[in-house]
Amino acid sequence: MTLTAAPPEARATHGRRAPRRRWRYAATVAVFLLPSLVPLTLYTLAPMVASLWTSLHEWDLITEMRWVGLGNYAELIGDPGTRSAFGHTLYFIAGYLPLVYLGGLGLALLLNRAMAGRSLLRGIYFLPVITSWVVVALMWKWLLNPASGIVNWALGLVGVSGPGWWTDPGWAMPSIILASAWKDLGFVMIILLAGLQAIPKEYQEAAMVDGATALRRFRHITLPLLSPSSFFVVVISLINGFQVFDQVKIMTGGGPGGATQVVVSQIYDLTFRYGRAGAASALSWLLFALVLLVTIIQIRGQKRWVTYG
Amino acid sequence: MGKALRYLAVGLGAVVMLFPFAWAVITSITPSDAVLAVPPDFTPDGASLDAYGKLLETLPFWRIVANSAWIGAASTGLQLVTSAMAAYAFARLPFPGRGALFAVYLATLMMPLPVLVVPLFIEMRMFNLVDTYFALLAPTIASAFGVFLLRQAIRQVPREFDEAAVLDGAGHFRIFLYVVLPLIKPALATFAIFGFMASWNSYLWPLIIIKSPEFMTLPLGLATLHGQFTTEWDVVMAGSVVSVVPILILYVFAQKHVIASVAQSGLK
Chain A
1 MTLTAAPPEA RATHGRRAPR RRWRYAATVA VFLLPSLVPL TLYTLAPMVA SLWTSLHEWD
61 LITEMRWVGL GNYAELIGDP GTRSAFGHTL YFIAGYLPLV YLGGLGLALL LNRAMAGRSL
121 LRGIYFLPVI TSWVVVALMW KWLLNPASGI VNWALGLVGV SGPGWWTDPG WAMPSIILAS
181 AWKDLGFVMI ILLAGLQAIP KEYQEAAMVD GATALRRFRH ITLPLLSPSS FFVVVISLIN
241 GFQVFDQVKI MTGGGPGGAT QVVVSQIYDL TFRYGRAGAA SALSWLLFAL VLLVTIIQIR
301 GQKRWVTYG
Chain B
1 MGKALRYLAV GLGAVVMLFP FAWAVITSIT PSDAVLAVPP DFTPDGASLD AYGKLLETLP
61 FWRIVANSAW IGAASTGLQL VTSAMAAYAF ARLPFPGRGA LFAVYLATLM MPLPVLVVPL
121 FIEMRMFNLV DTYFALLAPT IASAFGVFLL RQAIRQVPRE FDEAAVLDGA GHFRIFLYVV
181 LPLIKPALAT FAIFGFMASW NSYLWPLIII KSPEFMTLPL GLATLHGQFT TEWDVVMAGS
241 VVSVVPILIL YVFAQKHVIA SVAQSGLK
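Order-wise, the sequence lines are chains A and B. So the first sequence is numbered by my numbering: it starts at 1 and just counts up by one. So the second sequence is numbered by my numbering: it starts at 1 and just counts up by one.
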């Protein structure tokens, strides 16, 4: 008892008789917390609340707001423009996710063994990840230029007449998907490579002793033990995929003929082209709700395929 | 798979990753009249730096590079300070409602940027801050991600260290500065790298809030350049090259750390 009892001075800190000390403690907490809490409130929390409020109004950013209740949401859900924007976003994800995952997995498997120049190769594959989206989109727009681009010229050499890429409604989204997969491949590879290297070598060795083929070892040991990393990649890629914008804005601006108009492009246009800030806010909340739903489903569903070793 | 085949595959992959950069450099030094040539003119009459000259004439390019650099540095510095301090409070200073407040921080992490940009724009307009440096910086002063990351790091610092400092008569500010901060340097470095990259590459927010060339950052400047010179790819590529070089130099030095931090983020 005597050993654990606090000295009188320390006990006073928590007692009611030392308001000055309590004030000093509260002031200390405030000094540590406020530099982040004040800007977070002003530039994140307040806009969140404002956005929710705006979504219940019709507002052209100039004249007075007009209350419409859930009118914006009702209108958006029935609107073909919204549906096609979500459709294009899902099309993007459906092309991008398998490409970037399988490509990243292939590279990670190749680099998972000791080889000369491995860290240099890793550095090279990661280079597009640190490059800004604007630069990547511009470089690809030039590579995939239908008339003077090097890709169509190379295709011509092997007798293939290259498509119109970002100028062709049918090829615009594949162009964006290609550039996006190229940019993010290194990120996925690094995550999966770290996952592969965390798998204990004994498992593989034991299976080899038992005579398991490489394919069976991959299916029954590598893939299940890699599943937490795969899960992380899928969750992050989906969250980013739903918010795809920069590359679309630069490469096609949502065109041609609206063929690549994704949800965030639609939010941008609703606000700054059509002066419909209320509808834009409502659409951004629909997007948030969808992302949240998909993420929750994945977290709930992870028990089925994710093994934590 | 044969060793040779493996090398061939990763080598080809590396070429695919590097070629767009190389092609950007080549295009940027091709004389303007040869840029659109079909088939590509691989042996133009000498290289030309005209595109880089044009770049400087069209935009206040150096100012834009400087903007990106100082805004990146300021935003990273501010985030480091505000996040480390808040992280210390969440890890070491119990107060009523702390758990709930931390949950609020985490909730903002899930907010997609598109939800925030429209009301943020309106807020900035209300205070007459559209087209200012302040508006560019404001949303990056605090970082919920940073608070989360650094709190994890601080929680791993053994409490015995704090207690020893208390016995020496140190208060919270001294413990924070001289005990905790030096011990979480790796986490601070990771966060600084992510923060700088995010700021350097950010496009959507500057696109919405900045109109004048003198306040632009590189991604926005480049996009504007592309809007003006839709067919002059030598100029656009010159701009791209210039904007990649600084981050590339930084990357060469920090590569091991960058890759290690990203790899860590997937291992939970």
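Watch out, some of these pointers could steer you wrong.
[Claimed, not checked] Cut-off 30 Å, straight-line C-alpha distance, at most; resulting in silico cross-link-like pairs (DSS-like, lysine-lysine):
#1 Lys201/A <-> Lys3/B
#2 Lys256/B <-> Lys185/B
#3 Lys303/A <-> Lys201/A
#4 Lys256/B <-> Lys201/A
Just so you know, these hints were derived from the structure itself, not from any lab.
Outcome of the hint check:
1. A C-alpha spacing of about 20 Å is found between Lys201/A and Lys3/B, which places the hinted pair at or below 30 Å, so the restraint holds.
2. For the given pair, Lys256/B sits about 16 Å from Lys185/B by alpha-carbon distance, which is consistent with the 30 Å threshold.
3. Taking the CA atoms of Lys303/A and Lys201/A, the gap is near 24 Å; set against the 30 Å cutoff, the hint holds.
4. Between Lys256/B and Lys201/A the alpha-carbon distance is near 24 Å, which keeps this suggested pair within the 30 Å criterion.
The structure is consistent with each of the numbered hints, conforming to all of them.
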